[in-house]
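Asker: Position chain B relative to chain A; hints supplied.
Chain by chain, the residues:
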Amino acid sequence: MNLLLLRATARHLIHHPWQLGLALLGIALGVAVVCAVQLTQASARQALQYAQRSLVGPSTHRIEAAEGTLDEQAFAALAQQWPQLSFMPGVSGDVMLADAPSQRLQVIGVDPLTASGTADARLGPGFDLLRFLDTPGAALLNADTAARLGVVHEARLRVRGDDGPVEVTIVGIAPAARDGGPADDMLVMDIASAQELLGMAGHLGAIEVALPAGLRAADLRASLPVGWRLVSNATRLGAAREMTRAFDVNLTALSLLALLVGMFLIYNTSSFLVLQRQPLFARLRALGVSRRELLVALLSEAAVLGLLGCLAGLAIGRGIAGLLLAHVARTINDLYYRAAITEVATSPALLAGIAGLGLAATLAAALPPMLAATRVSVMRVARPGPGIERTPVHGALLVRLAGAAWAVAALLLALPTRALVPGFAALFACLLGAACLVPWLLTRSARALARRPALAPTTLLALRALSMHGQRAGLAAAALMVACATGIAITVMVASFRVSVADWLSTLLRADVYVSLTTRAHDDSRRLATFRRHIDTLPEVAATSAVVRTTARTAAGPISLLAYDLPAAARPGFRFIAGEAAAVWAAWDEDTVMITEPYAWRHGLAPGDSVAIDTAAGPVAFRISAVYRDYASERGSVAMSHRTYLRHFPPRDDAGLGVYAAPGVGAARLEQALRAAMGPAADLRLQSNASLRALSLAVFDQTFAVTDLLRLLALGVAFVGIVSALLAQQMERLTDYALMRALGFRRDELLRVVLSQTLAAGAVAATLAVPVGLVLAVLLIDVINVRSFGWTMNMHVPWTRVLTAWGSAIAAALLAAALPAWRAVHQAPASILRND
Amino acid sequence: MTDRRRRLWLGLGALAVAGGVRWWRGQAVDAPSGVAAVLRDNERNAGFARVEGPRAFEFPRDHAAHPAFRHEWWYVTGHLRGDEAREFGFQMTFFRYALTPRAIESPSRWRARDLVLAHFAVTDVAGQRFHHATRRARAALGLAGADEAKPCLWLKDWQLALTDADAGRWRFTAATAHAALTLTLIPTKPLVLQGDAGYSRKSDAPGNASHYYSLPRLAASGELTLNHATQAVTGTAWFDREWGTSALGDGQSGWDWFALQFDDGRELTFYRLRRLDGSPDPHSRGLLIAADGSAQPLAASDVVMTPVRWWRSPRTRIRYPVAWRVEVPRAQLNLTLQSRLDAQEWTGDLRYWEGQVEVRDGNTRLGLGYLEMTGYE
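Chains as they are written, first to last, in this note's numbering: chain A, 1 to 836; chain B, 1001 to 1377.
Calculated directly from the structure, the hints in this document are not laboratory data. Check each hint, because a few of them may be wrong.
Said to hold, decoys possible - Derived, one-sided and incomplete: chain A residues facing chain B with beta-carbon distance under 7 Å:
(1) Leu-113
(2) Ile-191
(3) Ala-192
(4) Gln-195
(5) Glu-196
As the list claims (entries may be wrong) - To be clear about the criterion: a stretch of chain B counts as covered by chain A if any three or more of its residues have a C-beta under 8 Å from a C-beta of chain A, and this derived list gives those stretches:
(6) 1103-1113
(7) 1141-1147
The beta carbon of each residue, even a glycine, is placed where N, CA and C say it ideally should be.
Excised from the complex, chain A in its bound form:
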């Protein structure tokens, strides 16, 4: 009998391929978005692991400079001091292809001679060590990268370092990253070749070391030169992951949102499938099929659909992940760490997990309508045909649900926590609450409008129908509202963020030209300081500012320390969130510090508190004079005057200079003068105020490109939802339409009825989406962003884009109605009525 049941239900689906397809599409799209985001994140993590994996042997720790590079003579001394340890020194840097400057490659210089005898296969079979060592510019690539760049063994590759184009010779193709070879986009060279190419002679980037069991890390650490640190591999990997945690959580939340929209769709589709087959179920019940059997059959059907949808979703998701990956990779490289993320990491466990989630979501969404179906009255047998057994819209229940969701949201927000997850939960609760209101609002407003006098009969008919059968349209509208509100919220948040950053940049960047070191090593360890002394005498220069950037230690861990030497012109560049400007500058040279907003947030500090920083003479408490706005680092930094810095810390070269033009001197002339002062070495980077600002904003936009993409995906899912809901609705009402046609309604009149219904649903959804979106934007800005990054920002509503979103939601609804409307209008009424 089960077979009969399954055959009966299956036949129905096969005869209604549109519904089957839409149901599958709904599940697939929801799963696809979650899958895409998860895969992207897994890929980023995997790329990080590849990037951190030692190329020359098993290592347990890495020695790094707290800042900058390691001096190789000091390394030699260390290696002599610990002769029993196998140190694996390396250098790294970036080059670009001379013929394709957008293609950057990471150069990794290793000393293959330090590799242990049992080291893993990293560089490939047939690897010619001698060639690698005795040929300047010899390099290896992994097989994937070689294939992508179209490079073969013995090929010559022109790359551009700081000194212009240089030729490297590919002396071997190493295995792909997944097979244990070097990471993607990595050019592996001997350390000598790499130093030559990168201009890093005398410098090491890092030293890997495998500590034997008997040796304590602390003993090695104690013998390291000042400014060097020993980090265990586990810590290193953990720290990098920690850095992107907030970013990860944000992406995950966005993907879950898409799944939520997908669930609406599944609920919608499965309830429709159930409703439509009520006569069949009634007949089956009359034949003696028990409720339980019916439920099992329906659940199996949902499971099969869910499984198929999930599989399709995984495939689509993998494709989308490829699109996302490029964006995420650039964001991660720009903001967090260097890793070539080019390959989508597909782990079976991850895929299985996502499929499980999708399946559970499908079953959860399909269960309520199925339970309803099993309660179908046997009496329905008497009235066959695609009739409707309407569950009345429980308006009051929906309103109560909305209230409950909002109460939960308020409660979550009131929790005294800074955790991100409750913040997102509140956001979701808020959104769900609003979604519950949509069907109720739709029927209510339709009813209210229908009461207005002097309505055209077609409009009246549409409104009445909507107020009576509005449940299905209500669901679709709810999905549309969720997608649209989310879109508006993200748009407002990103716009607010961007305006705040642009504002901050234009306040902060007051100098006309900025000078920084290029990546190549400089003979003069105080290159910028020397250059500054030199240009201070130029007539074109009115003043210069300088900043020293370093990492200092506190009891709570390392912090980023900035030491500013600021002329008067630079001071207004700081915008204080707490603390008085006059007081700050009055005490500037007196062992006070300013802290950035994220730092204050992370450590719960305010002006008047102090920060204890380790100095050579032990920890010194610096009084906090102010908290200032800064979007440069989400980890936060501490700033002090250069004089204060020199009283407590060893002098070091400036990390950047700001140059202020003398009155009447234009930026171009100033730049020219600076270039002349730099001499033929051209070893410094000059950037005008405008180009630095543009570059910063470009990085910002890049960061949010992925957010935008996800927003579009959610909208896409909602769009499919609306099509499917409307289609379902029109199917249900085909008899009504046929009857109307038989009664003499013209096609255009019928069309008007269908479209005005859709328009009403779209308008209600879009209109509700605006206030909901704004509320969500406030939550994103004041809760999520603060908790993720510690940044506050001023809300800025880009009304044109909000209106565009509003309009596109309505347009999407209308567009989605096109096909169902066309079908409704072109059905031959006689055939339908005959069937009834």
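Answerer: Leaving out everything else, chain B in the frame of chain A:
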């Protein structure tokens, strides 16, 4: 000639190619074929000086490095006696391998001209342990080097140097995780030149040869630390020096080399090159050195070597003949060489067997020696 160069090639050739493959892949590799491939690649040796005839040796200058040539080694083996007459064998080898004939100008200190490879082993006869370790580095940043001006080789804290040229005193120090050895070596017999006055030819082709001489007996004294316990040790050592450029020809599968020190003050050294078909190569050579230091050259036909016992390495599954019968009819010698520990196999980058052997005639112990075997499968 060919012999020790082979050893070098096993060392450096394996490092160069097979070693490259082996180490990066962490897999066993067919070393002889890998080496042979490189050895035939004479292109790589362009620009290096060649050994084309005998040379007027000049000491101590010639104890130091000869960077005009491609490869060079300093090879010390010996026999020590410690507390309670406990016996040990040791091996200390420094290889120099030039990457380029002339230094390449570069701002990078890592753009070195030479690679240095060192092998150090201690055989604890009573404890039946073979402690061995390998190091390698380029001659850069003062971390490793083979000095051209004075005889001094070092690789981090491993060192072999002529510390007193007048007395001919050498000193070396090296350590593994469990064994550390510091020795002073003073020659007690004059230096002997191998081949034709130190011109050791490997084939008839000109230039395929090396400069080769040996210090057949040095008095050794110093300290050995085994598992953190230090003891004074004394004994004798053998010191081989060889350098050259060009590579091996085809047709040889490996070699068996030994240097024996008899208790009566004589020494016997011989290398038997094996051809691919297993037969001895006519280029095999040796020396029998009398107690007074006079050396009598031995040709391939003067020495008959016969394996009497085989040992299979549990790690590499290679079978080595660890006991031999050696007959030198011209000198009325009929000897048995018996390994003092079967597991004296090198299993790192390079695979070979090199270890201490006892020399017997029947039941009579005649002395001790070092045996080296390569090219076994």
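Asker: To test your reading of the hints: which numbers does this structure violate?
Answerer: none
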